[in-house]
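Just so you know, the sequences run in chain order A and B.
Counting from 2, one number per residue, gives the positions in the first sequence under our numbering.
Counting from 2, one number per residue, gives the positions in the second sequence under our numbering.
It should be emphasised that the hints constitute simulated quantities derived from the structure, not laboratory data.
Ideal placement from N, C-alpha and C gives every residue a C-beta, glycine not left out.
Accuracy of the hints is not assured; some may be wrong.
[Said to hold, decoys possible] For lysine-lysine, the following DSS-like pairs were computed, each having C-alpha atoms within a straight-line distance of at most 25 Å:
hint: 1; chain 1: B; residue 1: Lys104; chain 2: A; residue 2: Lys3
hint: 2; chain 1: B; residue 1: Lys135; chain 2: A; residue 2: Lys135
hint: 3; chain 1: B; residue 1: Lys99; chain 2: A; residue 2: Lys193
hint: 4; chain 1: A; residue 1: Lys57; chain 2: A; residue 2: Lys3
hint: 5; chain 1: A; residue 1: Lys104; chain 2: B; residue 2: Lys104
hint: 6; chain 1: B; residue 1: Lys104; chain 2: A; residue 2: Lys99
hint: 7; chain 1: B; residue 1: Lys3; chain 2: A; residue 2: Lys104
hint: 8; chain 1: B; residue 1: Lys135; chain 2: A; residue 2: Lys3
[As the list claims (entries may be wrong)] Computed from the model, here is a short list of chain B residues facing chain A with C-beta under 8 Å:
hint: 9; residue: His55
hint: 10; residue: Gln86
hint: 11; residue: Leu110
hint: 12; residue: Asn145
Now for the letters of each chain:
There are 2 protein chains.
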Amino acid sequence: MKMVVADLEGVFLPEIWINVAQKTGIEELKLTTRDISDYDVLMTRRLAILKENHLKIQDIQEVIATLDPLPGAEQALDWIRSRSQIIVLSDTFEEFAKPLMAKLGFPTLLCHSLTIDAQGNITNYNLRIGNQKKKAVQAFQGLNFHVIAFGDSYNDIAMIQAADQGFFFKPPETVVTDFPDIQVTRDYEELKAMLHGLLSP
Amino acid sequence: MKMVVADLEGVFLPEIWINVAQKTGIEELKLTTRDISDYDVLMTRRLAILKENHLKIQDIQEVIATLDPLPGAEQALDWIRSRSQIIVLSDTFEEFAKPLMAKLGFPTLLCHSLTIDAQGNITNYNLRIGNQKKKAVQAFQGLNFHVIAFGDSYNDIAMIQAADQGFFFKPPETVVTDFPDIQVTRDYEELKAMLHGLLSP
Chain A
2 MKMVVADLEG VFLPEIWINV AQKTGIEELK LTTRDISDYD VLMTRRLAIL KENHLKIQDI
62 QEVIATLDPL PGAEQALDWI RSRSQIIVLS DTFEEFAKPL MAKLGFPTLL CHSLTIDAQG
122 NITNYNLRIG NQKKKAVQAF QGLNFHVIAF GDSYNDIAMI QAADQGFFFK PPETVVTDFP
182 DIQVTRDYEE LKAMLHGLLS P
Chain B
2 MKMVVADLEG VFLPEIWINV AQKTGIEELK LTTRDISDYD VLMTRRLAIL KENHLKIQDI
62 QEVIATLDPL PGAEQALDWI RSRSQIIVLS DTFEEFAKPL MAKLGFPTLL CHSLTIDAQG
122 NITNYNLRIG NQKKKAVQAF QGLNFHVIAF GDSYNDIAMI QAADQGFFFK PPETVVTDFP
182 DIQVTRDYEE LKAMLHGLLS P
């Protein structure tokens, strides 16, 4: 039996941190792993910025709730869900993604979580497990699924390579150049054509 | 992080084979593992009955499409999905469940599959993996999830016992008698109260 796993941001949703930075006007929240390569240092800095600006989880969720899925994302996801099981594998935090997952009809999302105190302050972040996308693919293969994976960026490579079949969706050109052997789809029509082929018996 | 896994038939959906038997008027399709304890013998007999009656997958799916989820199931499922990830673990076949999963908003379903030829004849059934419910719980625990499981019957026991926390939903009294240590919920309000407690930090 086949199963699809997919990345979230850049595939079905806009980049959450970048949009929170734009909506709140806090430029420093635009920092990414391109600016600070150590993810732990980056996240610790992000949480400190939220604290300095007195932003609680409710404030962030309100900002995120004003965002929308990428145009066509709901329809593409529904198209997939009527043909296959799909599980979203993301390195986001479930408390951030929740308002947007509602707009996508709550597909299953495996990601990370935040520690939030009674006042709504984000006191810590918890990576559920390291290299979670690849490990999820391997777990589903262990349950005898043939796994088809797609994503848009470097943190999807291990997932795509571990999967039985995998490809890129709307990747930056740098990623395509670095991984020329991985096939590329560039919009939802190409995605559907690719999945139609891969899901056929 | 917590995750919910749940059975399907008797929890969110009516029993599919029994309803197919009633709708088609083919009494013999009501046979269950209580009548023929060997599942392989039972399924082989069921597929032979479908063939004798010239029933193809399209006919069965049309019958199943006339069924509805149990009253309140969609609302209960949406309540859970807005609070936690939930994955449905069922021993049904995805080709049978599909018309009803659409009515539930396509929650992720891990189950088994059928072999169907080009004419729509069901030529075989494929159990994806033995003891799949328990193995799925263990796989999610391996991904560092705290798993909460519920179901209604004997084929849910291994899943409930493997989970970090588990309980029955609307079980037959025989099951309750045989497993007195497993807590019982009897309707969606009790289910929600139980999950509210188990999902609280």
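Verification of the hints:
no.	hint	verdict
1	B/Lys104 with A/Lys3	holds, 22 Å
2	B/Lys135 with A/Lys135	holds, 22 Å
3	B/Lys99 with A/Lys193	holds, 19 Å
4	A/Lys57 with A/Lys3	violated, 41 Å
5	A/Lys104 with B/Lys104	holds, 17 Å
6	B/Lys104 with A/Lys99	holds, 22 Å
7	B/Lys3 with A/Lys104	holds, 22 Å
8	B/Lys135 with A/Lys3	holds, 20 Å
9	His55	violated, 23 Å
10	Gln86	holds, 5 Å
11	Leu110	holds, 6 Å
12	Asn145	holds, 4 Å
Hint violations for this structure: numbers 4, 9, all remaining hints satisfied.
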